[in-house]
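Here the protein sequences line up with chains A and B, keeping their order.
Counting from 43, one number per residue, gives the positions in the first sequence under the numbering used here.
Counting from 33, one number per residue, gives the positions in the second sequence under the numbering used here.
Keep in mind that a hint or two might mislead.
Said to hold, decoys possible - Examples of chain B residues toward chain A, derived with CB under 8 Å:
| no. | residue |
| --- | --- |
| 1 | Ala98 |
| 2 | Glu187 |
| 3 | Leu201 |
Hints are computed from structural coordinates only; laboratory data are not their basis.
Where a beta carbon is used, it is the ideal one built from N, C-alpha and C, also for glycine.
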Amino acid sequence: MSLGVAAAAAVAPAGPPTQLAAFRARCEEVAGTGLATTMALHAFSVEHYRDFWHTFLDWSGLAWEGESEPVCTGEDVRRDRFFPGVRLNYAENLLRPLPDAGDDAAALTSVHADGSVDRLTRGELRTAVHRTAVALRGLGIGVGDRVAAIAPNHAAVATAALAVAALGATLSTATPDMGRSALLGRFGQVEPVAILLDRAGMGRAGASADDVLAGVLAGLPTVRHVLLLDDGPLPAVAGERATRLAALVAEVPAEPDAGAWPRLPFDHPLWVMFSSGTTGPPKAMVHGAGGSLLEHVKEHRLHGDLGSGDTLYFHTTTAWMMWNWQLSALAVGAHVVLYDGPVAGPETLWELVADHGVTVFGTSPAYLQLCQDDGYRPREVLDLGRLRAVLSTGAVLHPWQFDWVADAVGEVPLQSISGGTDIVGCFVLGHPDEPVRRGRCQSLGLGLDVAALDGDGRPVLGEIGELVCRRPFPSRPVGFLADPDGRRFQESYFSQHPGVWTHGDLIEIDPDGSARMHGRSDELLNVDGVRIGPAEIYSIVRRLPEVTGAMAVGQRDPEVPGGTRLVLLVVLVPGTRLDDVLRQRIRSLLRREGSPAHVPSLVLDVPELPMTHNGKLSERAARDTLNGDPVRSLAALKNPACLADIAAVAAEVATVGADRSGAPGPGGADRTSVVRRAFAEALGAAVPDTADFFDVGGTSRQSIMLLRRLRRELDRPLRMNTFLAAPTVTGVAAAMAAGTEEDSPVELLRAGDAAEPPLHVVHGNFGDIDVYRAMVDQLDVPGAVVGLTARLETPSGAPLSIVELASQHVATVAALQPRGPLRLTGFSFGGLVAFEMARQLTAMGREIGFLGLIDVQPPTGRLGPVSRFLHQAADRVAHLVPGMTRYGLGRGVVRRLRQRRTLADQPGARWSATVYNAYRWDSYPGPVTFFRARRRIPVFSNVLYAWRRVVPRMTVVDVPGAHNYLLDRENAVVLAARLSEAVRAGA
Amino acid sequence: MRVAARLVPRSPAVGRSHGAAVCGGGAPTTTAAPAVWCLDLADPDWDLAAAAALLDDAETARALRAAPGVRRRRVLLRAGLRVVLGRLLGVPAGRVPIAAEDGRPRLAGAAGRRGIQVSCSASEGVGLLAVAWGTPVGIDVQRHRDAEARAALDEDWLAPAELRALAGLPPADRWPAVTRCWTQKEAVLKGSGVGLRRWPATVLTPVAGRGRSGDWSLAPVPVPAGWVASLAVRSPVAVPEGAVTALTPGALR
């Protein structure tokens, strides 16, 4: 091990070596090859998973006995088992003294709702667990027995839980607020011999805690002991069976010498955990001690770099697998903070983090959003100096939340992690070496052969697919309870893609191993054949400040048999009403940011969304309610009463027909009425068709709204210049009908020093300059920035060639700027036009001060047959390689739909590819700066050799991003900086 | 009371700067606060006919074709501008040479060449006039409503950096700050003479009352509660604090 550390230190002298670095060195010895990159190490960990897990078991220093061979009994994900010869005890591994976490090291800090705190050192905790185990054994509880715990997240239940594990019994946990049927739905299958019980928060209006307990006990005839953790009176309903656990423990000698904790087989049942199934009662999954321990220690040490210097607080309840996960942090020597109080406001958990010096804080997107919405900024009011990482799980973390954490919390990585109860761990995790990419999980779990499969079962990168795990892994459940033939287990994970674990989540993976989760796959909406992840809709709608919650549900369309219509449930801020204006804004936003398929048929304002006990939204419950089907897994819901409200709202709308407007755009049939309506909406009143917008009181801001509205409605840009030329209903309708821009094809994008030549930006392949907006925003050039726009075809519909388009612009530009050097730039299509303009202007005797080509591919008409083939192949490859194309599966479809719409409206674009490739270039002697996309398919799309043949004086500047998203806001910053430098250098 | 509204340069700084611009024509070494006047357009004492009599043909035509509320605003604001400039230039208000582009007025002829820059704005009863010497100036006033400010998040005229900064403000401050962003953008766009021909999202504002946006220095303008107003001056130094003079109906008499 010391060898590994030394090697890692030599490689990375900058900071203290991570545990991953030490482990990587060990793997490199085993593999006999370098595994320097994250993906190389991951590839090793799955392709040689036996070597990986064997090496990890060895390196981890866990306490076990027996034989570590065979590592796995076969290659079958469903059946084969890990380490059949290894015996261990989970509790022993969490509590044994560690070289850097001895008996005096902090183990648990249990913070209570009233602000009081219990603290236990590792030594104290081990003694407490030991004495509790002795007390439980005195009740006859031992190997093979099952114990249920109903308690909030505090040290008393953690201690008891470890005692149960120490004895080799099996534990299943739940929270007191779950209600009788939810508790029975879980524990009915467990058949526990004892219940550990803390009644804090148990019972609700109309049913006391003891009423609930009576109902639970009535359903659990196997229970022999009710062991109280709280201080309340002994529950009469439990009769003789009720005892205080503390009283039993008090009878045990301070240093009992009762024998060691038994080391049991690797797959010995440690926990029974639950996940709601699509049918029937919750799935009762049995997790083995070895698999759980190995997975957790792997995640904590390798992905979280967690160790004895760390204090972990992960906000969870005992009903969620993250409770078990955070408890396992004791095994790596970390100090674990528990909290059993409510989240009173955005400050609650951050104050906990600050007060207890938490170094790694785990939370959920919902809590981070609560803080953001409340304008709470922890870094300004608290000392978060020890905090080094924020983890989030439970739902999809939205990109803007990364900005918020960076801004309001500080420079700590926000690690989005995701997995599930089913594997009692995570498929995607943080990573100590990889940067955090906004909106993404940093890396795939080592040893887990995670892939995204498309609809045909093929692995895809950069697209949303079904999350699968293709090779055996240790934390697979041992099986289900009440599933003797294993059929339910088989159907749950292996029926969709034979031989691989199908998790039921949607994931999109990049070649760098980073990933983004997209919600549950059974909640994937299929609207008119377009697959939409519910999270996608939510992240769009959430931008409206009136909306605090949203859920997209695919309902059976009552009017189209077999069809599905999209229903959007929204929860609004108090005092806001869902009126037609807000409905329209929701639809417009979804149409613009999503696609026509994202626009709901129905928008319903509901008081609450159905949520599970784990705090996850249940689309399924809402869907069943809207469809009028019986709601399956009602017991899994925390707030089942909200379904009645949803049903009532839906029924009301169905009767009144309040919202069946859909969102059909005008098919070009009556533009004037669309324009008229848009005017009336922007101005708040209908106006005569010939009234000037500003004369009737229109303000500048209203004019912006009007233009945006028209653009959405008619899918066609209306330029401000055009609008200002005739700001009337008639004028706008005429301009949009003509589809022409009769006014100047020059658009001032940015004012600048009049003494400096402006930078001309040449339109994209739709004739407009919209794609450049983000880049122009960031440019730092002395002169003005002027956009050149064009119609791409003649009035009769014939396409204009690159040469013709360039001549038009040359005429315009030469007239506007009769003297001095000219500056030109363009991306892709626009770049080729700019290139031809430069040739023509040079021929006229004009000086070109700057010509910037932004990733302009050579037209294929000028390539030899081999080059052309490679070039076209690269195009196709780009669609398979994530990051090279802009959109994932869902978005890709959407984009194609969108393009079709745009093409129908704007025939010119149809020709652009043909026109582009037909261009026959010739040499250009002037200097050219070529901005090359850093992300490209190597060799295939190395296009520079072709350019150099015609441009001898070429300077190449690499810019971040792939071709299709060079101009996106995230990449535009660097591009704009490089472009500005180049312009200034040429001046 | 009418005397209070007498139109004289309000401070020695303004006077000096004015003189420098007239004599040398170069950029002033220090930036004077532009002079700002505020009109209560809803005041029933305004003599609309007298105001209209000051306008030239183009201004009259533009006023006449507007809806009544808009007409009143256009007449009073332009008449006010003429009165202010007339005093400064020493010519009758009706003879001040004013040209306009997209409704934005500027001093024409020799007076314009002397470096006097103007900007006007009005929103629901509050009108503002700004006059600066030697530096381009823009002013904008906007009636604030929370609901309209909230809607702005969906209108794409705020840049991501601004949205982030706004999201960090307490809710009570956030929505007025959105309106202030708008007035600052408008002020810069008016000052640069392009108006909405430039996309407002490309004018990055500091999400604070004072600060810079590119070449422009921004400052808040005190206006009645319920309105928000901003001043933009193209200047490397901050706009000095300047008071706002009330321009009352008596000014027309």
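Okay, which hints does this one fail, numbers in order? Of the numbered hints, all hold.
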